[in-house]
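Mind docking chain B on chain A? Use the hints.
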Amino acid sequence: MLTTVAAGRVYDYSYCIGMYSQDGRGFWAPQDFVLGPNGRIYVLSRGVEQLGQRVTKINFDHDFQGQFGSVGEGDGGFVWPRSIDLDRHGRVFLTDEYLNRVTIYSEEGSYRYHWGRSGSGDGQLSGPSGIAFDSQGTVWVVDSLNHRVQSFSQIGEFQSKFGKRGDGDGDLEMPWGICIDRQDNIYVADWGNNRVQKFAPTGELLVKFEGSSAGVGSLKGPSGVAVDSDGDVYVTDWGNHRVQIYAADGQYITALVGDAQEPSPWAQTYIDANPDIIKARRRTDLEPEWRFRRPVAVNVDADDRIIVLESYHHRLQIYNKLKDYEEPLINL
Amino acid sequence: MLLIGAWLSVLGSINGEVVMPHQEDIRLMAHLMRRAGFGDTREELEERVSKGYEAVVEELLYPERQPAIDDELLYRFFPGYEGAGALPINQANWVFRMINTQRPLEEKMALFWHQLFATSNSKVDNPLELTRQIAIFREYGLGTYRDLLVEVAKSPAMIFWLDNQGNRDGAINENWGRELLELFSLGVGNYSEDDIREAARAFTGWTIAPKIPRNPYGRFHWLFDYKPEDHDDREKTFLGYTGNFNGEDIVDIIADQPATARFLARHLYRFFVADEPHVASWNITPPVDPEAIELLADAYNESRGDIRSILRALFNSEFFKNARFARVKSPAELIVGTVRMAGNYEGFKPGLNNLALECGWQGQALLNPPSVEGWHTGSEWIDPGVLMRRVNFAARIFGDVSLPGVQAIVKRVLVNVHVEADYSPQAIVEACLDAMGLLEVSRATHSELIVHAEKCGDLPWSTHEEFRATMRNVSKILTLIAASREYQFA
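Chains as they are written, first to last, in the working numbering: chain A, 1 to 332; chain B, 1 to 490.
For the record, the hints were derived by calculation from the structure and aren't laboratory data. Don't take each hint at face value.
Okay, the calculated beta carbon distance ranges per label pair [stated by the list, open to error]:
id: 1; chain 1: A; residue 1: Gly8; chain 2: B; residue 2: Gly347; range: 44 to 50 Å
id: 2; chain 1: B; residue 1: Arg234; chain 2: A; residue 2: Pro288; range: 44 to 50 Å
id: 3; chain 1: B; residue 1: Lys455; chain 2: A; residue 2: Gly66; range: 53 to 59 Å
id: 4; chain 1: A; residue 1: Pro288; chain 2: B; residue 2: Glu302; range: 41 to 47 Å
id: 5; chain 1: A; residue 1: Arg91; chain 2: B; residue 2: Pro404; range: 36 to 42 Å
Subject to a maximum C-alpha distance of 25 Å in a straight line, what follows is the list of computed DMTMM-like cross-link-like pairs (lysine to aspartate or glutamate) [unchecked claim]:
id: 6; chain 1: B; residue 1: Lys349; chain 2: A; residue 2: Glu73
id: 7; chain 1: A; residue 1: Lys164; chain 2: B; residue 2: Asp70
id: 8; chain 1: A; residue 1: Lys220; chain 2: B; residue 2: Glu72
id: 9; chain 1: B; residue 1: Lys227; chain 2: A; residue 2: Asp276
id: 10; chain 1: A; residue 1: Lys220; chain 2: B; residue 2: Asp71
Output of the computed footprint for chain A on chain B, the stretches with three or more beta carbons under 8 Å from beta carbons of chain A [to be verified]:
id: 11; stretch: 214-223
id: 12; stretch: 449-456
Quick caveat: nothing in here was measured; it's all calculated off a predicted structure. Each residue gets a CB set at the ideal place from its N, CA and C atoms; glycine is no exception.
Just chain A, same shape as in the assembly (with noise of 0.2 Å):
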């Protein structure tokens, strides 16, 4: 469905950005997204191996804007980049779950510094996955292999901790993706619990989303997560390939499953270049290609646009969600 209508909310697909590139326009496998000011889009590709890591700038008109970093130990190198974010002043933060460290790019990618070490003991990191920054400017942390958030000034100071490995109600199991609300509530994609479980900045649990015992509005291996202005939560549902939304409270509304419909732009142009394509295309049922494939990361911007990453698909996926919809003529 291009425009689904579910328990007031109105979500409408708009368009989609991307296609599978190892290197320049494109992205392959891309782990994490973060939107930039004037509507710049920093897209991070984890590749495969030694090839296809980079972040890529972009926009929402699919201008191509450049790309920084690569695959390295070195300085401004990453092995496994996982998630991005930028601070108040545009810098990009990246981690990297096999280096375990967190690297610090300027708004056009230039390699200011890194932090970070190895290991479980307070500030150290192991897996470090999902990346925020709350209102204060602090840096949360997703330590993913250790089971628990951190917290970091944005020079790499440890500051605090919360989560313990488990599945009792608090407790993290491989958690991956992470955002963080407009009071500074922490929602954490608890990946190996099939959960998403939101904490006051002290640690303190508040509320959890992942449906009811009947398998309504279930998660399996969720990744990325992300609220609205309306206090609305969207969540990569990796493994079931869908976007699970839940209002405030943790009432399942309604899913999202894809509808790229229409290539974007650059794969159009793609398309178009090769007849065979073309015919091929013409012949078989495209719907596997349409619908989201491994849906990762979630951001949702001021408009509340709702726009989610696909690894597997290597494309962005948009949709508005109208305030002023009225339904059409039930006698059409």
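Positioned in the frame of chain A, the structure of chain B alone reads:
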């Protein structure tokens, strides 16, 4: 000496008394695990020996009782592996599974069937579909041959590899039908040209559904499709049977043939027991051990082609138990076995594609066999250049004392030598061979190892400097063992 106390647990110390399994049991278990898996560490061998040989065989034969590789975890850390279009990445995906599987026979059978149903990326140009074919081998590889043949016939990679998408009523393409009889079941001399044509007619209409082409959004699976309008439903006569056969009817007839039993028996013997000539010469070259082939063929016939039953007979047979080091390791066996023993690439770590490429550089590019006949094995794995690569690869791994498996081997050697208080070169060499899974070497190799062991002294470890020097010295012996002729054999 505190270190020694900590390491005594390695030897299974009980109430202060060191309990050692019978060495011959360890040797036999090591043999079984080199063949039915990719080799075990000394510690794993002891654990298996405690269960008993036949019980371990049964455990291997039912891989579904052990945890499978967690694909969700794999694709979280290696997201680019899922749906990968590149050959080395798909190869790396398989190598990861070979190293980390808790179902060694399942993975070894996948390698066996890949050798038998050799399907190559050189033509298919879709490594993802070849990876899916390997998944068929995992799922059906220990079931009945009949069911496996049907699944392979429906594999889009196989359909494309042998041109069955072009096999239609009135426009027969015999490629699949010919290889089905010649290389996948009966063997040359057990069918006629008419049988090939009739088999091909039965498989008309078995094709691939229209597919979403690769890119711009990655790869999409190919799917089997049966088109009744393209199928020749008229009467056929195949191997003396007459009827309006479809493909599955042909497979039913094939699976019941004594020639199929002998053919598969010889393949299994060649892969699991001892080197044999290449399949292309089987019609003129008798088996090395005809009685063994008959025993395996009988197991096939008695079980109606149940692969698990045939392997049970094989692994429990005397001819198998007596065939230690009678096969040259394939590159995949050598590489995966070495890496497993050295404790490298356990879990998630970058660099698997280099291991996958190494298989190719040593002559076994996974998912890309040289032809439908598969690889030429045995001594044909070896030429001077490849031998150097094999030796250098294994020696480099065992020379890296930072690897946990190498450290475990060295520690075991030190503990063994110090517990026995026998610091003779002979004792050091024996301890090294023991720690590497009771490897058996010739007298000449043994003498060479002794020469080096004479430089080791009494393996001192009182200071960090002594300990590091001793680690290096023992590691050098391990390196020499890995470079020996004997290490090339399974």
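Count the residues of the stretch 449-456 of chain B whose CB lies closer than 8 Å to any CB of chain A, then report whether that count reaches three.
violated (count 0)
Do the alpha carbons of Lys220(A) and Asp71(B) lie within 25 Å of each other, as the hint requires?
Given pair Lys220(A), Asp71(B) holds - Cα atoms ~13 Å apart, limit 25 Å.
Would the pair Lys227(B) and Asp276(A) pass a check requiring their Cα atoms to be no farther apart than 25 Å?
holds, 23 Å
If I claimed the Cβ atoms of Gly8(A) and Gly347(B) lie 44 to 50 Å apart, would that claim hold in this structure?
holds, 47 Å
Is the Cα-Cα distance between Lys349(B) and Glu73(A) 25 Å or less?
holds, 14 Å
Against the range 44 to 50 Å, how does the distance between the Cβ atoms of Arg234(B) and Pro288(A) compare: consistent or not?
violated, 37 Å
Supplied distance hint 53 to 59 Å, evaluated on CB atoms of Lys455(B) and Gly66(A):
Since the Cβ atoms of Lys455(B) and Gly66(A) sit about 58 Å apart, the hinted range of 53 to 59 Å holds.
Against the range 41 to 47 Å, how does the distance between the Cβ atoms of Pro288(A) and Glu302(B) compare: consistent or not?
holds, 45 Å
Given coverage of the stretch 214-223 of chain B by chain A, checked by CB-CB distance under 8 Å (3 or more)
As far as the stretch 214-223 of chain B goes, the hint holds, because 5 residues have Cβ atoms under 8 Å from chain A.
Holds or violated: Lys164(A) to Asp70(B), with C-alpha atoms at most 25 Å apart:
Holds, because 22 Å separates the two Cα atoms, which is no more than 25 Å.
Does Glu72(B) sit within 25 Å of Lys220(A), going by the straight-line distance between their CA atoms?
holds, 10 Å
Is 36 to 42 Å a correct range for the gap between the Cβ atoms of Arg91(A) and Pro404(B)?
Once the Cβ atoms are compared, 38 Å apart, the range 36 to 42 Å for Pro404(B) and Arg91(A) holds.
In terms of the numbered hints stated before, the structure departs from hints 2 and 12, listed from lowest to highest.
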